[in-house]
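There are 2 protein chains.
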Amino acid sequence: MIQRMIIHAYLLTMTDDQGGLIMDGAVAMEGNEIVAVGTTEQLQANYQAKEEIDARGKVVMPGLVDAHIHTSMALYRGVAQDMHHWLQKGVGPFFGNITTAEAVIGSRLNIVEGIKAGTTTFSDFDNPMNLIAENYRQAGVRARMTSTVNALPPTLHKLGVGELYPLDEGIEQTKLKEAVTLLEEWHGKENGRLTVMMGPQGPDMVSKEMLQEIKKLAQHYKTKIHMHVAQGDREINQVIKRYGVRTIPWLDEIGYLDQQLIAIHLTEAYDEEAALLANRGASMIHCPGSIGVIDGIVPPVMAFLDAGGTAGLGSDNAPGNNCNNIFNEMKAAAVYNKIKAKDPTVMTAYKVIRMATIEGAKAIGLDHETGSLEPGKKADMIIINMKEPNLSPVILKPVCNIIPNLVYSGRGHEVETVIVDGRKIMEHRKVLTLNEEKVVNEAQEAATKLAERVATLL
Amino acid sequence: MIQRMIIHAYLLTMTDDQGGLIMDGAVAMEGNEIVAVGTTEQLQANYQAKEEIDARGKVVMPGLVDAHIHTSMALYRGVAQDMHHWLQKGVGPFFGNITTAEAVIGSRLNIVEGIKAGTTTFSDFDNPMNLIAENYRQAGVRARMTSTVNALPPTLHKLGVGELYPLDEGIEQTKLKEAVTLLEEWHGKENGRLTVMMGPQGPDMVSKEMLQEIKKLAQHYKTKIHMHVAQGDREINQVIKRYGVRTIPWLDEIGYLDQQLIAIHLTEAYDEEAALLANRGASMIHCPGSIGVIDGIVPPVMAFLDAGGTAGLGSDNAPGNNCNNIFNEMKAAAVYNKIKAKDPTVMTAYKVIRMATIEGAKAIGLDHETGSLEPGKKADMIIINMKEPNLSPVILKPVCNIIPNLVYSGRGHEVETVIVDGRKIMEHRKVLTLNEEKVVNEAQEAATKLAERVATLL
Numbered sequence: 000m001i002q003r004m005i006i007h008a009y010l011l012t013m014t015d016d017q018g019g020l021i022m023d024g025a026v027a028m029e030g031n032e033i034v035a036v037g038t039t040e041q042l043q044a045n046y047q048a049k050e051e052i053d054a055r056g057k058v059v060m061p062g063l064v065d066a067h068i069h070t071s072m073a074l075y076r077g078v079a080q081d082m083h084h085w086l087q088k089g090v091g092p093f094f095g096n097i098t099t100a101e102a103v104i105g106s107r108l109n110i111v112e113g114i115k116a117g118t119t120t121f122s123d124f125d126n127p128m129n130l131i132a133e134n135y136r137q138a139g140v141r142a143r144m145t146s147t148v149n150a151l152p153p154t155l156h157k158l159g160v161g162e163l164y165p166l167d168e169g170i171e172q173t174k175l176k177e178a179v180t181l182l183e184e185w186h187g188k189e190n191g192r193l194t195v196m197m198g199p200q201g202p203d204m205v206s207k208e209m210l211q212e213i214k215k216l217a218q219h220y221k222t223k224i225h226m227h228v229a230q231g232d233r234e235i236n237q238v239i240k241r242y243g244v245r246t247i248p249w250l251d252e253i254g255y256l257d258q259q260l261i262a263i264h265l266t267e268a269y270d271e272e273a274a275l276l277a278n279r280g281a282s283m284i285h286c287p288g289s290i291g292v293i294d295g296i297v298p299p300v301m302a303f304l305d306a307g308g309t310a311g312l313g314s315d316n317a318p319g320n321n322c323n324n325i326f327n328e329m330k331a332a333a334v335y336n337k338i339k340a341k342d343p344t345v346m347t348a349y350k351v352i353r354m355a356t357i358e359g360a361k362a363i364g365l366d367h368e369t370g371s372l373e374p375g376k377k378a379d380m381i382i383i384n385m386k387e388p389n390l391s392p393v394i395l396k397p398v399c400n401i402i403p404n405l406v407y408s409g410r411g412h413e414v415e416t417v418i419v420d421g422r423k424i425m426e427h428r429k430v431l432t433l434n435e436e437k438v439v440n441e442a443q444e445a446a447t448k449l450a451e452r453v454a455t456l457l
Numbered sequence: 000m001i002q003r004m005i006i007h008a009y010l011l012t013m014t015d016d017q018g019g020l021i022m023d024g025a026v027a028m029e030g031n032e033i034v035a036v037g038t039t040e041q042l043q044a045n046y047q048a049k050e051e052i053d054a055r056g057k058v059v060m061p062g063l064v065d066a067h068i069h070t071s072m073a074l075y076r077g078v079a080q081d082m083h084h085w086l087q088k089g090v091g092p093f094f095g096n097i098t099t100a101e102a103v104i105g106s107r108l109n110i111v112e113g114i115k116a117g118t119t120t121f122s123d124f125d126n127p128m129n130l131i132a133e134n135y136r137q138a139g140v141r142a143r144m145t146s147t148v149n150a151l152p153p154t155l156h157k158l159g160v161g162e163l164y165p166l167d168e169g170i171e172q173t174k175l176k177e178a179v180t181l182l183e184e185w186h187g188k189e190n191g192r193l194t195v196m197m198g199p200q201g202p203d204m205v206s207k208e209m210l211q212e213i214k215k216l217a218q219h220y221k222t223k224i225h226m227h228v229a230q231g232d233r234e235i236n237q238v239i240k241r242y243g244v245r246t247i248p249w250l251d252e253i254g255y256l257d258q259q260l261i262a263i264h265l266t267e268a269y270d271e272e273a274a275l276l277a278n279r280g281a282s283m284i285h286c287p288g289s290i291g292v293i294d295g296i297v298p299p300v301m302a303f304l305d306a307g308g309t310a311g312l313g314s315d316n317a318p319g320n321n322c323n324n325i326f327n328e329m330k331a332a333a334v335y336n337k338i339k340a341k342d343p344t345v346m347t348a349y350k351v352i353r354m355a356t357i358e359g360a361k362a363i364g365l366d367h368e369t370g371s372l373e374p375g376k377k378a379d380m381i382i383i384n385m386k387e388p389n390l391s392p393v394i395l396k397p398v399c400n401i402i403p404n405l406v407y408s409g410r411g412h413e414v415e416t417v418i419v420d421g422r423k424i425m426e427h428r429k430v431l432t433l434n435e436e437k438v439v440n441e442a443q444e445a446a447t448k449l450a451e452r453v454a455t456l457l
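Here the protein sequences line up with chains P and B, keeping their order.
If you number the first sequence the way numbering that gives the first Met the number 0 does, the last residue is 457 and the count never jumps.
If you number the second sequence the way numbering that gives the first Met the number 0 does, the last residue is 457 and the count never jumps.
Watch out, some of these pointers could steer you wrong.
Pairs of lysine-lysine, DSS-like flavour, derived with a Cα cap of 27 Å [what the hints assert, rightly or not]: (1) P/K341 with B/K49; (2) B/K437 with P/K396; (3) B/K437 with P/K429; (4) P/K339 with B/K157; (5) B/K157 with P/K341; (6) B/K350 with B/K49; (7) P/K88 with B/K350; (8) B/K188 with B/K88; (9) P/K88 with B/K88; (10) P/K448 with B/K396; (11) B/K188 with B/K423; (12) B/K437 with P/K386; (13) P/K396 with P/K448; (14) B/K339 with P/K339; (15) B/K396 with P/K437; (16) B/K448 with P/K339; (17) B/K386 with B/K188; (18) B/K341 with P/K350; (19) B/K341 with P/K448; (20) P/K350 with B/K88; (21) B/K341 with P/K341; (22) B/K176 with B/K207; (23) P/K157 with B/K341; (24) B/K423 with P/K386; (25) B/K423 with P/K240; (26) B/K429 with P/K437; (27) P/K350 with P/K339; (28) P/K341 with B/K429.
The hints are simulated quantities; they were obtained by calculation from the structure and are not laboratory data.
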């Protein structure tokens, strides 16, 4: 008797370029691992399960990977739209004045939002990550946590636009200590479900010395480096002012472009710069939704992929996107890139669903554990109701519409069940590990207080 | 005693450019009309209601207007993505081979999908509209129906790409008769909830004589003309081949550009052509989702609006979009146009939410009845749960995040209650007028048969 088997599903294993569809598919799991994948007939011949889930009319696929998210920022969702100088003038006052307790509350809201839209892996880049880590322990999702290191004083929004930021050595050293403590205390916790990376907020937001120190530490701890790169003309302007050269050539000079680097955004990177990153083995996280709203730009992810790079998708942050939902990012990645290329054949549904699963997992170094349904991998998967009107009907031939509809019509609420590390964390759309109503109410209360404080500062 | 009052809402009346927000707002209705709008305190001082709905923590706003939709096409949702020659090579075989019974079943699925995403007005352009009209009678939504007139044989997909289509006079005359019959039989039915317009499928898809005949009939019946205009290079190519000039100048020559015209798409219109339409008083329906997926193009809606035109939003069709959800169109309109302009300040949330409501109603000639919450208008409204994690928290100052979050994070499933013409047609997300499960199952069965037939043809 094994623990659980899901049968009669449209099973998307993500083991090939067409989604690895198995009709009348089944997956068997024991503990936190997948033990077998195949047709229902095959698996029923070999296994009996204590719990059998009939997924007729449903898709079962790997849980979605949100490869770049700032969960605390959910607390000020939607405060900075349709504007120029988003970071400094829109988000700055909130970002600079949120308390650690408020950040943890905001993070919890965002984790619930993600789970309800099928996200099972959160690559979170935030502070105070040592406290946010407790949210992840409780939520039961897979988390790849980075404690943001920067040297920025909380008064950034008071600077003139384009002025060189002051970099405060005391601040960056304090934040580095927090990042190292997080690594020491949390990496590998919860049976490996929680892992830690290193992360300078951006090449413009810490000193050169700090970038170099982090590189050494990341090598020592064998972790990846999660960093915003070429995230805006603002950043490139700062780097040119300090070092006389654009971000990506400068990072190449100081030895930062390699397989250890997860480069976020590349908003203002030239196509050749994106290709250079790919050639050096760095991965890229594409956040089309937030960069579309914040900057009206489609980053050069196609140039990056064409050069052979590995890219995932990220929902980034709620004051910019304004949702943290990988279904949104799949459609955005596909359509924004069609618009950029003026060509409907680029960035197909089949390509972006891989970015949301196995490619995203690979980009953050977790493809040995998650992102596809294969024996030996962790049991991270979602069950999607294809009888929701917007995903109906299912057509199999002459063309199969399952993946096109998940990408172009899926909105997240069709996800019924979420399993992470072998544990059901959502069932019948009820989150089992956190109290959704309480999480939402606490966030409302905290946001009202934060907004009142910010209002008095402006 | 009046019939119903909703109290304690974030009320978006849409009576000004900021959404007409009334904090702690209330709306009173009797029969199919709104009788009063104001604060809860004001309304409670003047009215007592048989039914009182407490909308604390919820938005109440006008129902959404889907100003261009082909509902029958839901039956082959998602069969033609990521390709060139979408109409002829992707959709053609399905479009040409669907039976009338199947079309009605597909339409029902799409209506349920729309209701569940807050659409209360459907401007449907389809065949067989005399039968689809029964769906609208039953569903209880407001419908503006157009029976598509074309002269196209069902073998369109067998032509070479770029070949001049044969226009069949017998077909166009038959379809014109259906359109006139629809008008005679259905215009003004259900106490005015169902109305009818005239609609050539496109300037390339009927003869010049038919366009002129329809213009006269529309004048006679005092209806608008709902027509695809400049919907693709395919169409412009056909018009140039037939008449030696591009679509919009040609329509101007034959007197088609005036307030009677609702021009759909304008995909391939030049900015100056879009401005000409606006100057002539024609309205425009912008369908960013479908045109983004199908063509990788952002139509010139900004040029049209800058010239003073009135524009609404449409979800178009499920094999192209692949969803029929005006929340999707709001975010798409905002972000695609930011990307096109490389400017995050254009097409604000405040502008697109008006296009989804009052401007859309005006574009299809229904703004005297729907699109805003004002005494004397029909009671068409939706109640949205702002405690869904992706719409939380609500912040009122220093910046109000309600409309930015509805537009950039709303996905449709947050709509709890739908009221049309004073009648509740959805409550607690259960559609009350149609049996959702039955509608979905019938569509699945019919789609399987249609797809099997199409497979044998290819």
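Each hint tested on the structure:
About 55 Å separates the Cα atoms of P/K341 and B/K49, which puts this hinted pair outside 27 Å; it is violated. This hinted pair checks out: B/K437 and P/K396 have alpha carbons roughly 23 Å apart, not beyond 27 Å. Annotation: proposed proximity of B/K437 to P/K429 holds, straight-line Cα distance about 25 Å (limit 27 Å). Among the hinted pairs, P/K339 with B/K157 is inconsistent with the structure: their alpha-carbon atoms are about 31 Å apart, more than 27 Å.
Restraint check: the Cα-Cα separation between B/K157 and P/K341 comes to about 26 Å, which is no more than 27 Å; the hinted pair holds. At most 27 Å may separate the alpha-carbon atoms for a hinted pair to count; B/K350 and B/K49 exceed this at roughly 36 Å. Taking the CA atoms of P/K88 and B/K350, the gap is near 22 Å; set against the 27 Å cutoff, the hint holds. For the given pair, B/K188 sits about 38 Å from B/K88 by alpha-carbon distance, which is inconsistent with the 27 Å threshold.
For the given pair, P/K88 sits about 49 Å from B/K88 by alpha-carbon distance, which is inconsistent with the 27 Å threshold. Proposed proximity of P/K448 and B/K396 is supported: the alpha carbons are some 11 Å apart, at most 27 Å. The straight-line distance between the Cα atoms of B/K188 and B/K423 is roughly 19 Å, inside the 27 Å bound, and the hint therefore holds. A threshold of 27 Å between alpha carbons decides the hint, and for B/K437 with P/K386 the separation of about 11 Å falls inside it, so the pair holds.
Simply put, P/K396 and P/K448 have alpha-carbon atoms about 55 Å apart, too far for the 27 Å limit, and the pair is violated. With a C-alpha separation of about 8 Å, the suggested pairing of B/K339 with P/K339 holds against the 27 Å cut-off. With a CA separation close to 23 Å, the supplied pair B/K396 and P/K437 stays within the 27 Å bound. Of the pairs offered as hints, the one joining B/K448 and P/K339 is violated, with about 38 Å between alpha carbons and a cut-off of 27 Å exceeded.
A distance of roughly 38 Å separates the Cα atoms of B/K386 and B/K188; the hinted pair therefore is violated under the 27 Å criterion. Between B/K341 and P/K350, the direct Cα distance comes to roughly 25 Å. Compliance with the 27 Å bound is thereby established for this hinted pair. With a C-alpha separation of about 35 Å, the suggested pairing of B/K341 with P/K448 is violated against the 27 Å cut-off. Of the pairs offered as hints, the one joining P/K350 and B/K88 holds, with about 22 Å between alpha carbons and a cut-off of 27 Å not exceeded.
Between B/K341 and P/K341 the alpha-carbon distance is near 15 Å, which keeps this suggested pair within the 27 Å criterion. Of the supplied pair hints, the one linking B/K176 and B/K207 holds, its CA atoms being roughly 17 Å apart against a limit of 27 Å. With a C-alpha separation of about 26 Å, the suggested pair P/K157 and B/K341 falls inside the 27 Å cut-off, and the hint holds. Annotation: proposed proximity of B/K423 to P/K386 holds, straight-line Cα distance about 24 Å (limit 27 Å).
For the hint linking B/K423 to P/K240, the alpha-carbon distance of about 61 Å lies beyond 27 Å, and the restraint is violated. Between B/K429 and P/K437 the alpha-carbon distance is near 25 Å, which keeps this suggested pair within the 27 Å criterion. Restraint check: the Cα-Cα separation between P/K350 and P/K339 comes to about 16 Å, which is no more than 27 Å; the hinted pair holds. Proximity of P/K341 to B/K429 is assessed by CA-CA distance (about 40 Å); at most 27 Å being required, the pair is judged violated.
Checked against the numbered hints given earlier, this structure breaks hints 1, 4, 6, 8, 9, 13, 16, 17, 19, 25 and 28; the rest are met.
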